[in-house]
Structure formats: structure tokens, C-alpha cells
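Make a model of the complete structure from these sequences and hints.
Chain order of the listed sequences is A and B.
In terms of the working numbering, the first sequence is residues 1 to 225.
In terms of the working numbering, the second sequence is residues 1 to 224.
Just to be clear, a hint being listed does not mean it is correct.
Unchecked claim - The list that follows gives simulated cross-link-like pairs (lysine to aspartate or glutamate, EDC-like), each with its CA atoms no further than 20 Å apart:
#1 66(A) - 23(B)
#2 6(B) - 49(B)
#3 4(A) - 209(A)
#4 70(A) - 223(A)
#5 66(A) - 219(B)
#6 13(B) - 23(B)
Since the hints were derived computationally from the structure, they do not count as laboratory data.
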Amino acid sequence: MKKKILIAAVVVILMSFAAYAALLIAPTESKMGPIQRIFYLHAPAGMVSLLCFFVCFVGNFAYTLKRESKWDCLGVSAAEVGVAFCTVNIITGPIWAHPVWGIWWTWDWRLTLTFVLWLLYISYLLLRTLVEDPDRRALVSAIYGIFAFLDVPLVYGSIRWWRTQHPQPVIMGGSGSGLEPTMAKVFWFWFFNLVILMVFLVRERYRLEAMRGEVQLIEREAEAA
Amino acid sequence: MALLSKAAVLLGKELRTEFRSRELLTTTVVFILTIVVLFSFTFDPSVSESRRFGPGLLWLAFLFAASLMLQPCFLREQTNDTLGALRLSVSDPFAIFLAKLAANTLFLLFTQVLLLPVFSILYNVPVLAAFPQLVLVMFMGSLGLSVTGTALSAISAQARMRELLLPLLLLPLLTPVLIASTEATAALLIPNPAMRWDWLGFLLGFDVVFLTALWLFGEYLLEE
Chain A
1 MKKKILIAAV VVILMSFAAY AALLIAPTES KMGPIQRIFY LHAPAGMVSL LCFFVCFVGN
61 FAYTLKRESK WDCLGVSAAE VGVAFCTVNI ITGPIWAHPV WGIWWTWDWR LTLTFVLWLL
121 YISYLLLRTL VEDPDRRALV SAIYGIFAFL DVPLVYGSIR WWRTQHPQPV IMGGSGSGLE
181 PTMAKVFWFW FFNLVILMVF LVRERYRLEA MRGEVQLIER EAEAA
Chain B
1 MALLSKAAVL LGKELRTEFR SRELLTTTVV FILTIVVLFS FTFDPSVSES RRFGPGLLWL
61 AFLFAASLML QPCFLREQTN DTLGALRLSV SDPFAIFLAK LAANTLFLLF TQVLLLPVFS
121 ILYNVPVLAA FPQLVLVMFM GSLGLSVTGT ALSAISAQAR MRELLLPLLL LPLLTPVLIA
181 STEATAALLI PNPAMRWDWL GFLLGFDVVF LTALWLFGEY LLEE
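This is the structure we're talking about:
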């Protein structure tokens, strides 16, 4: 318990400093103005969500082979945290895009891909709520998770390929490539922070899931007795 | 080879079951027809607009129809627990999947080929110029729909609210098939039709990836 509070405190302190860095340390972008600062949350959140989905895939794959409930717990924890980060990414995107592009949303390949990914993992979480038996639930959702993860490169390939053949909407040049040094430092600091936050959240969610499993087991034993 | 011959026997069983009642095919055909008609009310497209939107409309209709048509695939094996009997009768559970997905591909392809001329007449889009190529695209697309759809139908059959769940699981997964099939079909419906082999290759890639995944993980879905 103490350890948990300690980690949480460290996360809070780091995140506060990250907010300070994004709002005050990083220089104001010359063309876009202050709105560009949302990028420090927006882009790393998207990257961390991809990391989560990869962890989810590892959990799913290990579960199908080993059938140990810990892998199932890892899968669902990572998927939930990943969906949360992905949601942050999808919400902060339009807030930035509206003043800069003049539109809330465009079907650019990156936006489309993120949206499809979000839908895939929402479906994964939904599937889990609709299967009663814990072992069944773990197995079918693990296999769906594997299918979803295999689909990611295909979705990426198809959207990328399809979009490059169509007229491109007005997009600013490569975002990560031409960063000013201080901006880059703040950006990577944010990424590093969000990874820590992700590990913390996945750990806590994992514990909750493991506890839930135990409670269900005890309930079933009590019913049988 | 043993796998294929067993799958062929099971495919015969799937086809016989369907052609005795013809429930699946009739409902799917009527469903797609309804969507095609409703589309004309909402967009009222001109000939050039039909060319532009037609392929997308067709594939969306096929996608929705497939997500409904694939529902009973494993569900009807549950009524009398015939899935248990099927599992006992073949040593390799992949044969069951193979038979079911082959049947689903055939059913889908059948409805598509049947509805293509109707679509052509209703929307003034000539399809005869590139009919064999269109059938090839439809076949590859249907295979992609069936491979993933059959696997997910085995998943959703084990859940509550399965009627709603299958489209929800299936449709986002099928994004690549929708894009590739629509693009390939669109290139065949223009005045100078051309076969888009790149998109066809992409569809082939999708089919191979998920067929392999089904071969590796499918048997777990049929466990008791």
C-alpha cells in the first residue's frame, strides 16, 4: 500500500512538472501559437497507446499458449489503459486541428488508423463483458486480441496506400522531424512520463483484475458448497 | 490431403443444409437489395455519381450482409450440439473451419454475382465489360470476409448479445478488405476498366494472414 502511494506521488510530481514544461519551458511555436503545446500530450499519448496494444498482444498470445490467468489479466489491463490513452489522443487531436487546419477532423491516414484501432480495442473490451465463464472469456478474447493485432499492419497498409492515391488534405509537414531542441526535450520528457504513468496504471488494473478473479472463484466455490 | 477430403465432406454437408431451406441465401439477397434501393433514396445519385459511390455502396452492403449471414454459422450447430459430433468425427478441427469458410465464401460469391446485374441496371453502371475480373475481385473479397467472419462467428457464438456482437467485432477488422475490394471494384467500373493487381495482391495477403491465424488458433475456439 505504501509503495503504491509512493509511486502515485512520483507520477503526480512528474506529471505536474511535465505540464509546467509544456506550458512554460517549451518555446511558443511561431506559426501555430500556444495551441501547439497540446502536441506534448497528444503525440506521446498515441505512441503509448500503441505500446499498450503491443503489451496486450503479448498477454493474449501467452494466454493462448500457457492458459495462466495472469496473462489474461495483463491483456485486459493493457487494452484498457491503451484505449484510455488512445481516447486522449483522439480528443486532443481535433482540439489542435480546429484552429490550425480550420476543421475538426479529416480522413487523413493517421487519424483514420487511430480511429480504427480505437474501435478494434473497444470491441475487444466489449467482448469481454459479454462472456460469462472466466476461462472461456479469457480464451476467446485472447484470440480476438491476436486477430485484432494482426489486423493493425494490414489496416495501416491499406489506409496508407489508399490515402496516398487521393488528394491530400492540408497537413503540416512531418511533426517529429523538425523539432526545435527544447521542444524535443519536452516532447521526450512527456513520452517518458506517460510510459511511467502507463506502467503504473497497468499494474494497478492488473491487480484489480487478479482480485476480481479471486473473488469470482470464491463466489463459485461458496455456491457449489 | 486427408484434411482437404474431410473438409470437402463437411462442405457437402454445409451446402446440403443450406440448399434444403435456402433461408440464408434468400434473406441475404433481399437484405442487400433493400440496402441498394434505400441508397438511391438517400443520395439520389446521377450516373457519374453512381460510378463514384457504387463500388463503396456495394461493398458496404456485402459487409453488412456478411455480418448477418455469418451469424448462424456456428449458432445452428449449438441447437442440437452438433458441433460436439462434428468435433468427434474429424481429427483436425481446422477441417470444420475450412468447410464452413468455403461454404460462406460460396454463399457470398453467389449473392454477389446474382446482385451485380441488378445493381448495374438500377444504377446505370455497366458491369459486363469486366465481368470475369469483377468476379475474381468478389471472390478474393468474399474469402477475406469469410475467413475472419467464420472465426469471429465461432467467438461470438459463445457470448451474450451475439447478434449485435458479431458485426461489432467483424466490421472494424474488415477495414483492409473494404478498402482493397472497393478500390479494385472501382477500377473495373470506369469506362476503361483496368485490373488493379496491387489491390488484389493485398487481398490475397489479407486472406493468407488470417487463414494462417485460423489454422494456428482456430482449434482453441472449438474446445469444450
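Evaluated hints:
no. : hint           : result
1   : 66(A) - 23(B)  : 41 Å, violated
2   : 6(B) - 49(B)   : 47 Å, violated
3   : 4(A) - 209(A)  : 16 Å, holds
4   : 70(A) - 223(A) : 24 Å, violated
5   : 66(A) - 219(B) : 15 Å, holds
6   : 13(B) - 23(B)  : 15 Å, holds
Consistency note: the structure conflicts with the earlier hints numbered 1, 2, 4.
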